[in-house]
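One letter stands for each residue in the lines below.
Protein chains: 2
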Amino acid sequence: MSRQDTRLVALALGIALSGAAFAADWQALPDTAPAPADNPTTPAKVELGQMLYHDARLSQNGTLSCASCHSVMGGGVDNRPTSIGVGNQHGGRNAPTVWNAAFHATQFWDGRAPSLEEQAKGPIANPIEMGMPDVQAAVDRVRAIPGYKPYFDKAFGTGDTVTVDNLAKAIAAYERTLITPNSPYDRFVKGDKAALSAQQQRGMEQFAAIGCTACHSGAAFNGPQPAPGKSVFQKFPLFADGNPYIAKYKLTDDQGRYDVTKNDADRHMWRVPTLRNIAWTAPYFHNGEVKTLSEAVRVMAKSQLNRELDDATVGDIVAFLDALSGPFPKQEMPQLPPAPTAMLE
Amino acid sequence: MSRQDTRLVALALGIALSGAAFAADWQALPDTAPAPADNPTTPAKVELGQMLYHDARLSQNGTLSCASCHSVMGGGVDNRPTSIGVGNQHGGRNAPTVWNAAFHATQFWDGRAPSLEEQAKGPIANPIEMGMPDVQAAVDRVRAIPGYKPYFDKAFGTGDTVTVDNLAKAIAAYERTLITPNSPYDRFVKGDKAALSAQQQRGMEQFAAIGCTACHSGAAFNGPQPAPGKSVFQKFPLFADGNPYIAKYKLTDDQGRYDVTKNDADRHMWRVPTLRNIAWTAPYFHNGEVKTLSEAVRVMAKSQLNRELDDATVGDIVAFLDALSGPFPKQEMPQLPPAPTAMLE
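Note that the protein sequences, when read in sequence, are chains A and B. In this text, residue positions in the first sequence follow full-length UniProt numbering: the first is 1, and each later residue adds one. In this text, residue positions in the second sequence follow full-length UniProt numbering: the first is 1, and each later residue adds one.
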C-alpha cells in the first residue's frame with residue numbers, strides 16, 4: 001500500500017469510527033443553487049437556457065441535445081452505461097445527472113471543467129458526443145434561427161448577444177434551477193419525522209456509521225468542498241485486496257483524473273458524485289458497469305471501506321438512498337424557434 | 001400522358017378555375033380532435049401517453065423516443081431530410097409533424113396505418129427506427145418499470161393493463177391533444193380580421209386562386225377526407241414535362257403508396273400532408289430534399305399546377321403559410337419513472 005493509500009485509509013477509518021459525529025451533520029439542500037458573480041441566475045437566462053438545452057440543432061447531425069444524455073425529467077441521465085453520440089459513437093463514461101450538478105465544485109467525472117459554464121461547452125464540441133467542429137459552429141446555427149435573438153437580448157442586453165459565452169451562461173443558469181431540495185430526506189432533516197420510514201431511518205444511521213459520509217458528505221452528498229489543502233477528488237477503488245468487484249466491473253480500466261493531469265497521484269482519482277436522485281440514475285459508477293443500486297452499495301462498501309455488508313444492511317441503505325430522490329420541480333416544455341431553412345444534413 | 005394523369009390534370013385545372021368558390025370554404029381547426037369510439041381521449045390516457053411518447057427506453061438502445069424524430073415543441077419534427085434511428089441508420093422518408101396528425105384520415109406518407117394507434121406501433125418495431133424486436137418487447141420494458149403501472153391502471157382500469165394496445169392507445173390519446181386551433185389563420189377565419197397582415201391575406205387569396213386548395217383543403221389543409229369513391233391520396237409530381245425539380249430533388253425516386261399496395265395506379269401517390277405549422281417543418285417533401293418553404297411553394301406550383309410563380313406571389317403565399325403556425329399549447333415536461341435496474345446495454 002502506497003503512502004497515499006495509507007493516508008486515505010486512515011482518513012476513511014477515522015471518519016468511520018467517528019460516524020456518530022457525522023450523523024449530526026445532516027444538511028438539507030438549499031432552495032437555490034449558488035451562481036458565479038459574472039452569471040447571476042435570472043428568469044430570462046433560465047428560459048433561454050432551457051430552450052438551448054433541449055435543442056438538437058446544437059449537434060452535428062441534429063439528433064442530440066443536452067437532454068439526450070441528461071434527460072431532465074428522466075433523472076438527468078440516459079440510463080445507459082455510457083452515452084451514444086452522433087454517428088452512434090459511444091462515450092467512455094457514464095453520463096452524470098444534471099440534477100444538482102450546480103452543487104458540484106467541479107464538473108465531469110474527472111473534474112476537468114471548473115464550472116457549469118465551461119462544462120456546457122464540452123459535449124457540444126466533443127467529436128463523439130454532439131460532434132460540432134467547435135462551440136462557435138453551434139452558435140452559428142443558433143444565430144441562423146432568428147427566433148432565438150430576442151431571447152438572447154432579453155437575457156444579455158442588446159448588441160451582439162448570440163455568443164459562445166452567453167450560450168454557455170444561459171445553459172448553466174438553467175441547470176442551476178435543476179435542484180431537488182424537497183426530497184423526503186430534506187423534509188426529514190427540516191423536522192418532518194414522518195418523511196422517512198423506519199427502514200430509511202435505519203439506513204440513514206448505517207450510512208453514517210459505516211463511513212459512507214466520509215466522502216458523501218454535505219447537502220448534495222458529494223463530498224468535501226474545495227478548501228485550502230482539501231481535494232474534491234477521492235480514490236476509487238481504495239481497497240484492492242480481496243476485492244472481487246475490481247475485475248468483475250473493470251473498475252480500474254479508466255485512469256480517472258490522471259487523464260487530465262498526467263500526474264501519477266491522480267490515477268483512479270474521481271470527483272465524488274452526488275447521491276441525490278441515485279435511484280433514478282442506474283447503471284452506476286464511471287463506467288456504468290453496475291446495474292442495480294444494491295450492488296453499487298456492496299461495491300462501495302467493499303472498495304472504499306473494506307466492508308462486506310449483509311443483505312439487510314444493503315436493503316436499509318438503499319431505502320435511505322431512495323429518500324434522496326426528487327421531486328423534480330415541474331416545468332413547461334420549451335418551445336423551440338423554427339429555422340427558416342433546413343440546416344441539417 | 002396517361003389516362004390517369006389526364007383525369008388528375010382536369011381535376012386540378014377545374015379546381016384552379018373555380019378558385020373563388022374555394023375561398024369561401026376556409027375552415028378553422030376544431031378545438032378538439034376526433035377520437036375513435038374505442039379510445040376516447042381522457043386526461044389519464046393523455047398523461048400516460050405523454051410519458052411514453054418521451055421515454056427513450058422504448059427504443060432498442062435507449063437513445064430514441066417518439067419525440068426524437070417528432071419533437072413536440074420543435075414543430076413536431078426533427079428538421080432533418082430523413083430521420084436517424086438506432087445505430088445511426090437513416091430512414092427513407094422525412095418525419096411528418098405530429099402536430100394535428102389527429103386530423104389525418106390515414107397515417108404515414110403512404111397511408112399504411114389507418115389510425116394513430118396503429119401508427120404508434122410502427123416506429124417502435126421498425127429495425128431502422130426505434131429498433132425493438134417487436135412492440136411487445138417495448139411493453140416488457142415498460143412492465144419492468146414499476147412506476148408506470150399506476151398510470152396504466154388509472155387510464156385503463158385494473159388487471160393486466162400494461163399491454164401493446166393500451167400503450168398505443170395512450171400515445172394516440174396524447175397525440176390527439178397536439179393540435180393548434182389558435183393560429184393567426186384560425187383567428188382570422190373566426191372573425192379577427194387583424195390576425196392576418198395584408199400580405200398574408202393576399203397570399204391566402206392566391207393560395208386558393210391558383211388551385212393549392214384542390215388538395216390542401218379542409219381545416220387541416222390536408223385534402224379531401226375519405227368518402228365513397230374519394231381517395232385521400234394524390235399523385236406527386238403530377239406535371240413532368242419541363243419540370244426541372246423532378247431531377248433536381250429526386251421527386252420520383254420513391255414510389256410512394258405503390259410500396260404498400262404494389263398496385264401500379266398507386267405509383268407516386270401520397271397522402272396529402274397538412275400545411276399547418278409548415279414554417280416549422282423544413283426541410284420539405286417526402287424525401288426532405290427541399291430546404292426552404294419558398295422553394296417548396298415553387299416546386300408544388302410547377303409540379304401540381306404547372307405554374308411558375310413570380311417571387312412576389314411566392315412571398316405572399318409563404319406569408320400566408322406562416323399564419324398556419326401554432327401556438328403550441330403549453331404543457332408540462334413529463335416525469336418518467338425510474339427503472340429499478342439498468343435495462344439498456
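Please note that a few of the clues may not be correct.
[Stated by the list, open to error] With a straight-line cut-off of 27 Å between C-alpha atoms, the simulated DSSO-like cross-links for lysine-lysine are: (1) K154/A with K121/A; (2) K154/A with K149/B; (3) K190/B with K291/B; (4) K149/A with K330/B; (5) K193/A with K330/A; (6) K291/A with K149/B; (7) K330/B with K193/B; (8) K149/B with K330/A; (9) K291/A with K190/A; (10) K154/B with K330/A; (11) K154/B with K330/B; (12) K330/A with K330/B; (13) K302/B with K121/B; (14) K149/A with K291/B.
It should be emphasised that the hints constitute simulated quantities derived from the structure, not laboratory data.
### Query
Under the criterion that the straight-line Cα-Cα distance not exceed 27 Å, is the pair K291/A, K190/A satisfied?
violated, 32 Å
When you check the alpha-carbon spacing of K193/A and K330/A, does it fall within 27 Å? Satisfied, since the Cα-Cα distance of roughly 25 Å is no more than 27 Å.
Taken at face value, is the distance from the CA of K149/B to the CA of K291/A at most 27 Å? holds, 22 Å
Quick one, are K330/B and K193/B close enough, alpha carbons at most 27 Å? At roughly 25 Å apart (the allowed maximum being 27 Å), K193/B and K330/B satisfy the hint.
- Does K330/A lie within 27 Å of K149/B when you go C-alpha to C-alpha? Holds. K149/B to K330/A sits at ~21 Å (cutoff 27 Å).
Could you grab the alpha-carbon distance between K330/A and K330/B and see if it respects the 27 Å cut-off?
holds, 13 Å
_Pair hint outcome, K302/B versus K121/B [Cα-Cα no greater than 27 Å]_ = violated, 36 Å
- Task: Could you grab the alpha-carbon distance between K154/B and K330/B and see if it respects the 27 Å cut-off?
- Result: Cα-Cα ~23 Å, so holds.
Next item on the list: Starting from K149/A, check that the Cα of K330/B is at most 27 Å away, please.
Entry: Holds, because 21 Å separates the two Cα atoms, which is no more than 27 Å.
Against the 27 Å threshold, does the CA-CA distance of K154/A and K121/A hold or violate the hint? holds, 21 Å
* **Satisfaction of hint between K149/B and K154/A, Cα-Cα up to 27 Å** => violated, 43 Å
> Does K190/B pair with K291/B here, judged by a C-alpha cut-off of 27 Å?
Replying inline: violated, 32 Å
The structure is inconsistent with the numbered hints 2, 3, 9 and 13, although it conforms to all the rest.
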